[in-house]
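A.B. asks: Sequence:
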Amino acid sequence: MNNPARLFEALFVESSKAERDLERKRLGHRGSVLDALRESAKSLHGDLNNADRDKLDQYLTSVRDVERRLQMSEAWLDKPKPKPGIDPIADEERMHIEEMPLFFDLLTLALETDSTRVATFEIPMGFTTSDLDNVTSGYHGLSHHSKGENKLEQLRVVEDYIFTQVNRLFDGLQEAKIFNDTLVVMGSGMSDGSKHSNKNLPVLLAGGGLKHQGHVVCPADKHKRVPLSNLWLSSLQWFGVERDTFGKSSGTFSQMDFS
1 MNNPARLFEA LFVESSKAER DLERKRLGHR GSVLDALRES AKSLHGDLNN ADRDKLDQYL
61 TSVRDVERRL QMSEAWLDKP KPKPGIDPIA DEERMHIEEM PLFFDLLTLA LETDSTRVAT
121 FEIPMGFTTS DLDNVTSGYH GLSHHSKGEN KLEQLRVVED YIFTQVNRLF DGLQEAKIFN
181 DTLVVMGSGM SDGSKHSNKN LPVLLAGGGL KHQGHVVCPA DKHKRVPLSN LWLSSLQWFG
241 VERDTFGKSS GTFSQMDFS
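Just so you know, the working numbering puts 32 at position 32 of the sequence shown, and the rest follows in order with no gaps.
Derived from the structure by calculation, the hints contain no laboratory data. Keep in mind it's a predicted model, so treat the numbers as computed, not measured. Virtual Cβ for every residue (Gly too), placed ideally from N, Cα, C. One should not assume that every hint holds.
As the list claims (entries may be wrong) - Calculated cross-link-like contacts (lysine-lysine; reagent style DSS-like; alpha-carbon spacing at most 27 Å): (1) Lys147 <-> Lys195; (2) Lys81 <-> Lys25; (3) Lys177 <-> Lys79; (4) Lys55 <-> Lys248; (5) Lys177 <-> Lys83; (6) Lys83 <-> Lys17; (7) Lys224 <-> Lys199.
Stated by the list, open to error - So the derived label-pair ranges between C-beta atoms look like this: (8) Lys224 <-> Arg30: 14 to 24 Å; (9) Lys211 <-> Arg30: 42 to 52 Å; (10) Val184 <-> Pro124: 29 to 39 Å; (11) Thr128 <-> Leu70: 33 to 43 Å; (12) Ser16 <-> Lys224: 12 to 22 Å; (13) Asn134 <-> Arg69: 13 to 23 Å.
Make a model of the complete structure from these sequences and hints.
C.D. replies: In structure tokens form, the structure reads like this:
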């Protein structure tokens with residue numbers, strides 16, 4: 001979803017009965033397709049070797065997961081949408097720097113009204129930065145700065161704007177009194193866009209009622225790498241998910257207390 005007005009509508013504007021009936025019909029059709037796929041897959045089970053059966057079981061598990069999501073979507077159709085306490089957002093053309101604060105405000109409202117328990121927000125590399133003062137290059141081009149001072153200075157302006165908006169999110173969560181119950185993670189898939197390096201990734205962790213320790217260098221011994229999956233595993237456990245591993249984790253994120 002890349003339009004704040006449409007996101008507002010999806011979260012807080014009641015659909016008509018005709019729209020709900022149409023969506024229910026669409027979900028029912030998808031469910032019928034899944035039923036046919038499941039029956040077709042089951043008929044193959046007896047003709048497969050063990051390795052192929054394992055693959056088939058993985059496939060059937062994914063089908064069941066989609067079915068659960070369809071059932072949840074149908075259950076939500078008749079649930080009244082919450083009143084957000086703000087005026088509707090007009091569907092009009094805006095600059096990217098005008099949209100980002102709206103998205104963070106909507107994200108806060110979605111969590112506050114329990115419209116969702118999980119939300120993600122991605123800042124695209126195509127994010128238009130030329131509307132910011134003293135910035136003449138695009139975000140992606142600036143990330144490939146090659147240590148050039150002019151590009152680095154423009155990148156500082158862009159990232160200062162981004163972190164100002166992230167701080168807006170933190171303020172909103174605190175005002176809604178859900179900051180300590182919300183785990184916020186901000187990060188990037190690269191530590192240096194010029195080198196396309198994914199080592200020493202910068203990750204910001206906030207909220208969750210955790211005992212934060214400021215800037216934590218991981219690892220303290222540069223010869224011992226700490227997989228980012230360790231942080232994701234500890235985060236899952238914080239949410240109550242019973243998992244011992246995640247991805248390429250080598251353990252939990254012992255550098256912080258998640259209890």
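A.B. asks: State for each hint whether it applies.
C.D. replies: Cross-check of the supplied hints:
1. Lys147 <-> Lys195: Cα-Cα ~11 Å, so holds.
2. Lys81 <-> Lys25: holds, 20 Å
3. Lys177 <-> Lys79: It holds: about 24 Å lies between the C-alpha atoms, which stays within 27 Å.
4. Lys55 <-> Lys248: At roughly 21 Å apart (the allowed maximum being 27 Å), Lys248 and Lys55 satisfy the hint.
5. Lys177 <-> Lys83: holds, 18 Å
6. Lys83 <-> Lys17: Roughly 19 Å separates the two Cα atoms, so the pair holds.
7. Lys224 <-> Lys199: holds, 12 Å
8. Lys224 <-> Arg30: 14 to 24 Å: Check failed, 47 Å falls outside 14 to 24 Å.
9. Lys211 <-> Arg30: 42 to 52 Å: With Cβ atoms ~45 Å apart, the hint holds.
10. Val184 <-> Pro124: 29 to 39 Å: Once the Cβ atoms are compared, 19 Å apart, the range 29 to 39 Å for Pro124 and Val184 is violated.
11. Thr128 <-> Leu70: 33 to 43 Å: holds, 36 Å
12. Ser16 <-> Lys224: 12 to 22 Å: violated, 59 Å
13. Asn134 <-> Arg69: 13 to 23 Å: violated, 46 Å
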